[in-house]
Amino acid sequence: LGVTTAPKDTPWHSWAVVACGGMSIGHKGMIYASKAMSMTMADLFENPDLVEKVKTEYKERKGDEVYDAMVPEGPPPVNAKGN
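Residue numbers (the numbering used here): 1 to 83.
There is no bait here: all hints are sound.
Using C-beta positions, here's what the derived DEER-type ranges look like: (1) LYS8 / LYS35: 15 to 25 Å; (2) VAL78 / MET37: 33 to 43 Å; (3) VAL66 / SER24: 40 to 50 Å; (4) TYR67 / PRO11: 24 to 34 Å; (5) PRO11 / ASP49: 38 to 48 Å; (6) GLY74 / PRO7: 40 to 50 Å; (7) THR40 / LYS62: 15 to 25 Å; (8) PRO77 / ASP49: 43 to 53 Å.
As a list, the in silico EDC-like pairs of lysine to aspartate or glutamate whose alpha-carbon atoms are at most 20 Å apart: (9) LYS55 / GLU65; (10) LYS53 / ASP43; (11) LYS35 / GLU46; (12) LYS55 / ASP43; (13) LYS28 / ASP9; (14) LYS62 / GLU52; (15) LYS53 / ASP64; (16) LYS59 / ASP49.
Hints in this document: simulated from the structure, not taken from any laboratory.
Glycine included, every Cβ here is placed at the ideal spot set by N, Cα and C.
Modelling step: build the complete structure from the supplied sequences, incorporating the hints.
Okay, here's the thing in structure tokens:
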């Protein structure tokens, strides 16, 4: 799902995108996306067969790909002193 919430080619981690989030272009895009996602969820809740089709398609597209987290196992390193 892709919706417009800021002008094309705007760097995403910038003041311009933040400003768009507080304006009509950002609001309209976010509302559109939320409606699309919520109606998709309603369709999935109402149709369990569709959920199975989605799961099957996901497994077919994913194939043998395994996600390897870049975060190492164990507790996160904590540096309370800041050095």
